[in-house]
Amino acid sequence: KNEVEQSPQNLTAQEGEFITINCSYSVGISALHWLQQHPGGGIVSLFMLSSGKKKHGRLIATINIQEKHSSLHITASHPRDSAVYICAVVNTGNQFYFGTGTSLTVIP
Amino acid sequence: KAGVTQTPRYLIKTRGQQVTLSCSPISGHRSVSWYQQTPGQGLQFLFEYFSETQRNKGNFPGRFSGRQFSNSRSEMNVSTLELGDSALYLCASSLEPWGTQYFGPGTRLLVL
Numbered sequence: 197k198n199e200v201e202q203s204p205q206n207l208t209a210q211e212g213e214f215i216t217i218n219c220s221y222s223v224g225i226s227a228l229h230w231l232q233q234h235p236g237g238g239i240v241s242l243f244m245l246s247s248g249k250k251k252h253g254r255l256i257a258t259i260n261i262q263e264k265h266s267s268l269h270i271t272a273s274h275p276r277d278s279a280v281y282i283c284a285v286v287n288t289g290n291q292f293y294f295g296t297g298t299s300l301t302v303i304p
Numbered sequence: 340k341a342g343v344t345q346t347p348r349y350l351i352k353t354r355g356q357q358v359t360l361s362c363s364p365i366s367g368h369r370s371v372s373w374y375q376q377t378p379g380q381g382l383q384f385l386f387e388y389f390s391e392t393q394r395n396k397g398n399f400p401g402r403f404s405g406r407q408f409s410n411s412r413s414e415m416n417v418s419t420l421e422l423g424d425s426a427l428y429l430c431a432s433s434l435e436p437w438g439t440q441y442f443g444p445g446t447r448l449l450v451l
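As they're listed, the protein sequences go chains A and B.
The opening position of the first sequence corresponds to residue 197 in this note's numbering, with each subsequent residue numbered one higher.
The opening position of the second sequence corresponds to residue 340 in this note's numbering, with each subsequent residue numbered one higher.
Honestly, I wouldn't trust all of these hints.
Only pairs whose alpha carbons sit at most 30 Å apart, straight line, appear in this in silico DSS-like list of lysine-lysine [unchecked claim]: (1) 352(B) with 396(B); (2) 340(B) with 396(B); (3) 264(A) with 251(A); (4) 249(A) with 340(B); (5) 340(B) with 250(A); (6) 264(A) with 249(A); (7) 264(A) with 250(A); (8) 251(A) with 340(B); (9) 396(B) with 264(A).
Derived by calculation from the structure, the hints in this document are not laboratory data.
Owing to the predicted nature of the structure, the values given are computational and were not obtained by experimental measurement.
So here's chain A without its partners, still in its complex pose (with noise of 0.2 Å):
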């Protein structure tokens, strides 16, 4: 069983739509992570959620706690976003668990 679940586990979209990936978890955190990677490994993190919402640049990242889900949207998508995007939490018990990303590719 894993305890983080993301959707789509791959998506392809045309340059300029409107993307969005999913991801619900079982146990109770005390944060949530959003992180890309690109093809040769290099990980950046975008956010990290308790609540609410957070908006940088194209991207924006949503947690709703009491459904224990979060999502992440990337609006005007290029090519350049192409990438997996991996959603991460940290438990109550300080444990860190990753769901198994989303691979994203935009064509232009």
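Once you've looked at the hints, dock chain B against the given chain A.
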């Protein structure tokens, strides 16, 4: 500020050997975490250190160990290597425990 550095970047070992990987965090960061990434299991949490103390450990056998030094640099050690230990090992640093994680480039370990 310099980012998180990891050495070595690539490593080839044979079964039964041991390996030590090093991680230098961003200056001022006292929290260092280690992760293993494999195609089959994805990303998995190994350890978390803060101010030289291991605060948390993931579900890995005792062959995996680590430590953090007074300058916040961290090392992880894997003894009696197995083929399944082949993976990308990532470390990340943050200002506070489980804060925004700044990842290093990783050490790619191949066990033959």
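Status of each hint after checking the structure:
1. 352(B) with 396(B): holds, 24 Å
2. 340(B) with 396(B): Distance ~29 Å between residue 340(B) and residue 396(B) Cα, so the pair holds.
3. 264(A) with 251(A): Given pair residue 264(A), residue 251(A) holds - Cα atoms ~20 Å apart, limit 30 Å.
4. 249(A) with 340(B): holds, 28 Å
5. 340(B) with 250(A): holds, 25 Å
6. 264(A) with 249(A): holds, 14 Å
7. 264(A) with 250(A): holds, 17 Å
8. 251(A) with 340(B): Holds, at about 24 Å.
9. 396(B) with 264(A): holds, 24 Å
Every hint, counting from the list given before, is met by this structure.
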